[in-house]
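J.: Letter by letter, the chains look like this.
Protein chains: 2
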Amino acid sequence: MVKKTKRSNRWVNKNKKQRYAGIHLIAEFWSGRIIENPKEIKKILIRAVKKAKNIPLEVAIHKFSPQGITGVVLLSESHIAIHSWPELNYTAIDIFTCGEKAYPYQALEYFKKQFKPKKVEIKEIKRGVL
Amino acid sequence: MVKKTKRSNRWVNKNKKQRYAGIHLIAEFWSGRIIENPKEIKKILIRAVKKAKNIPLEVAIHKFSPQGITGVVLLSESHIAIHSWPELNYTAIDIFTCGEKAYPYQALEYFKKQFKPKKVEIKEIKRGVL
Chain A
2 MVKKTKRSNR WVNKNKKQRY AGIHLIAEFW SGRIIENPKE IKKILIRAVK KAKNIPLEVA
62 IHKFSPQGIT GVVLLSESHI AIHSWPELNY TAIDIFTCGE KAYPYQALEY FKKQFKPKKV
122 EIKEIKRGVL
Chain B
2 MVKKTKRSNR WVNKNKKQRY AGIHLIAEFW SGRIIENPKE IKKILIRAVK KAKNIPLEVA
62 IHKFSPQGIT GVVLLSESHI AIHSWPELNY TAIDIFTCGE KAYPYQALEY FKKQFKPKKV
122 EIKEIKRGVL
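One line per chain: the protein sequences are A and B, in this order.
Note that this note's numbering has the first sequence beginning at 2, numbered continuously upward.
Note that this note's numbering has the second sequence beginning at 2, numbered continuously upward.
Because the hints were derived from the structure by calculation, they are not lab data.
Mixed in with the good hints there might be a few duds.
Since the list gives no way to pick out one identical chain from another, each pair is judged satisfied if it fits inside one copy or across any two copies.
In the SDA-like style, the derived pairs of lysine to any residue whose C-alpha atoms are separated by at most 20 Å in a straight line are [claimed, not checked]:
id, residue 1, residue 2
1, 40, 59
2, 120, 100
3, 18, 123
4, 117, 32
5, 124, 26
6, 43, 77
7, 43, 59
8, 43, 115
Next up, chain A with everything else stripped away, as it sits in the complex:
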């Protein structure tokens, strides 16, 4: 499916010292709640996008057999993705948001509330550093 969407060019301009496209949070959730319902994953993804003050464009969800789920939401400011392996108590979350008006950490906090992981590992990566 191909759609055309207007996108503003809002590069992050941190204290006028460093310019970059956006923040990519790489989150590893361990031993959290197992959410296997595609409708619930979709709802969580859309709400996370709103927490990040981003604009959702399209959501794609795949439920695996016998377990596990993948959900990706395209944003006008990049993407948010969830991949879960319940058999290993592991959920991989990517929050890649662009522009000065994005709040990826608010999306992360929302995911934590939903998945309630016992252990969380986070990496913050600045993307497109000029």
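On the provided structure of chain A, position chain B as indicated by the hints.
T.: For chain B alone, coordinates are given in the frame of chain A:
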């Protein structure tokens, strides 16, 4: 859209010393070829998946106005994403593949051949390290 797909549980078992879900390559391409045609981006994504020896499930593409494109392909082993900002000569590429039989670097080499970036920055992140 929700689909159910069978997924094998193939965790990477590196020299029987370190077990992890997969490799996530974070690639920053600078001053490469500008590819704004959604059909071409889709073709490139699918071919990259094949280079990585992964299985594509679904492709979502968004063309932005006045420029820029986003393409994400869901895999039975995670995802590959492209986001481009031609106005800044920047293309962000994510190659997140899981399992022992995935070849993310082969997908990366394929992307390099397609985009011909003058400058490339790569980060390799192991996801789901047990």
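J.: Check the structure against each numbered hint from earlier and tell me which ones fail, lowest number first.
T.: Result: hints 2, 3 break, sorted rising.
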